[in-house]
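Peer 1: As a plain string of letters, each chain reads:
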Amino acid sequence: MTKLQNTLCELASTNLQVDQEAIAEGRTFEQLDLDSLELIEFVVVLENQFAVKVADDEITPDFTVTDVAKLLETKGVAS
Amino acid sequence: MSQAAVVCGAGGWVPPTTVTNEDLAHGLDTSDEWIRTRTGIGERRVIDPGMATSTLAVNAGRRALDSAGRDAVDAVIVATATPDRSCPATAPLVASQLGLSGTAAFDVSAVCSGFLYALSVGAGLITGNGLGTVLVIGADTFSTILDPHCRSTRAIFGDGAGAVVLRAGHSGEPGALLGFDLGSDGTGMELITVAGGGSEHRSATTDPPAMSPYFTMDGKPVFSRAVRQLAASADTVLSAVGWTTADLDLLVAHQANLRILRACADRLNLPESSVFVDLDRFGNTAGGSVPLALADAAARGDLTEGDHVLLSAFGGGLTWGSAALRWPALDVEACTSSDPLRTVASSA
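Residue numbers (our numbering), protein chains in the order written: chain A, 229 to 307; chain B, 2 to 349.
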């Protein structure tokens, strides 16, 4: 895992109360039982943490932490 | 020091009937755990038959007047999205029931941001129009506009009211309102609405017009917009008055949802201990939320003289608003005591 992916696992675990190992295993947000509001919460957390703009629909329920990392890298966040 | 409107009294009032999460679970597909996890709300107050928004406004207004040690003001403003009637405004009735017939009285409508708008108007009446004192009330009875079968809105909303008394003073005094930010975006009208019952509905060409008489809210975009706009509005006012979040003792924000409050605090880099929360006991009381929370915080000892306070709200319209003040020394009664109770019928 990249440093960014590890950070994302920690952020998701801390802010969304989901199992860090389950995220790291590559489960999608849908498989982690996150609802639509929780995804928005995560978007807000990412914006605060990485000082980037993320639209609500840029992160979808079929995303894994790897997909989120790829998205953030396109916005200039170091991997 | 410049002329300013100064908060010199505060009060809040909620109706005595409590609806717990367990009560809601009896008739709806929900549970205490489901509601608490998603909203942070444990119970809410609702009006009894015979009460209306004016009932709450009168009781909160009376407490604010008592807190200020006054029995008269020069104007009464009621911020509400659930007026007793669509015509006339609720404020004149409230003023009369407070023994203030003859006083200027009018409503302000900006849903959950209504109190911030009304506070700004009240301050303007003092600093721009030379009035000496203004009673500003936020009151709503969303229990009257909720779909009884909708578990999400019934879990969130409760009935409640709060009020402050403003007087003429100067910006160096505790209680002085130091700055405002107000804004709106009507393109988001459909996100928070009661579509039916207004002129649009009455002039509709379809038969019957498909416009719900109930309150509806699109949770996902509202959550997103609320967090971003609350934080942006708070930042705007902080900059305008020369404060940073490190200067803030308490953020008294619209009690929309605990997850929104937490996300907003995170965005502002504000510790959660600096964010006042009473939605666990009262739910989201719409236009009553900010002044009720303010009075509740003062009554519970969470506010002391000189504290740097930021008020912030986001709601239907879309609308938003924020205001900064340093808290004055005030005696504020607990918002949950049921005395005095004045219903519309008994006080008319």
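Source of the hints: derived by calculation from the structure; they are not laboratory data.
Even for Gly, the Cβ is constructed at its ideal location relative to N, Cα and C.
Any given hint could turn out to be false.
Only some residues are given here: those of chain B computed to face chain A with a beta carbon under 7 Å [what the hints assert, rightly or not]:
| no. | residue |
| --- | --- |
| 1 | LYS221 |
| 2 | PHE224 |
| 3 | SER225 |
| 4 | VAL228 |
| 5 | ALA264 |
| 6 | ASP267 |
| 7 | ARG268 |
Okay, derived cross-link-like pairs now, EDC-like style, lysine to aspartate or glutamate, Cα gap no bigger than 20 Å in a straight line [unchecked claim]:
| no. | chain 1 | residue 1 | chain 2 | residue 2 |
| --- | --- | --- | --- | --- |
| 8 | A | LYS303 | A | GLU286 |
| 9 | B | LYS221 | A | GLU253 |
| 10 | B | LYS221 | A | ASP290 |
| 11 | A | LYS231 | A | GLU275 |
| 12 | A | LYS298 | A | GLU238 |
| 13 | B | LYS221 | A | GLU275 |
| 14 | B | LYS221 | A | GLU258 |
| 15 | A | LYS298 | A | ASP285 |
| 16 | A | LYS298 | A | GLU258 |
| 17 | B | LYS221 | A | ASP247 |
| 18 | B | LYS221 | A | ASP285 |
| 19 | B | LYS221 | A | GLU238 |
| 20 | A | LYS231 | A | ASP285 |
| 21 | A | LYS303 | A | ASP284 |
| 22 | A | LYS281 | B | ASP236 |
| 23 | A | LYS281 | B | ASP267 |
| 24 | B | LYS221 | A | GLU286 |
Peer 1: Evaluate each hint against the coordinates.
Peer 2: Against the structure, the hints:
1. LYS221: It holds, given that the least Cβ distance between LYS221(B) and chain A is near 5 Å, below 7 Å.
2. PHE224: Since the shortest Cβ distance to chain A is 5 Å, the answer is holds.
3. SER225: 5 Å, holds
4. VAL228: 5 Å, holds
5. ALA264: 5 Å, holds
6. ASP267: 6 Å, holds
7. ARG268: With Cβ-Cβ at 5 Å, under 7 Å, it holds.
8. LYS303(A) - GLU286(A): 12 Å, holds
9. LYS221(B) - GLU253(A): At roughly 27 Å apart (the allowed maximum being 20 Å), GLU253(A) and LYS221(B) break the hint.
10. LYS221(B) - ASP290(A): Roughly 17 Å between the alpha carbons, so the hint for LYS221(B) and ASP290(A) holds.
11. LYS231(A) - GLU275(A): Answer holds: LYS231(A) to GLU275(A) is near 18 Å, not above 20 Å.
12. LYS298(A) - GLU238(A): Status holds; Cα separation ~17 Å.
13. LYS221(B) - GLU275(A): Distance ~17 Å between LYS221(B) and GLU275(A) Cα, so the pair holds.
14. LYS221(B) - GLU258(A): With Cα atoms ~16 Å apart, LYS221(B) and GLU258(A) stay inside 20 Å; holds.
15. LYS298(A) - ASP285(A): Status holds; Cα separation ~15 Å.
16. LYS298(A) - GLU258(A): Holds, at about 18 Å.
17. LYS221(B) - ASP247(A): 23 Å, violated
18. LYS221(B) - ASP285(A): Satisfied, since the Cα-Cα distance of roughly 11 Å is no more than 20 Å.
19. LYS221(B) - GLU238(A): 24 Å, violated
20. LYS231(A) - ASP285(A): Between LYS231(A) and ASP285(A) the Cα gap is close to 25 Å, so the pair fails against 20 Å, i.e. violated.
21. LYS303(A) - ASP284(A): Holds - the C-alpha atoms of ASP284(A) and LYS303(A) are around 15 Å apart, at most 20 Å.
22. LYS281(A) - ASP236(B): OK: LYS281(A) and ASP236(B) at ~17 Å, within 20 Å.
23. LYS281(A) - ASP267(B): 15 Å, holds
24. LYS221(B) - GLU286(A): 14 Å, holds
Checked against the numbered hints above, the structure violates hints 9, 17, 19, 20; every other hint is satisfied.
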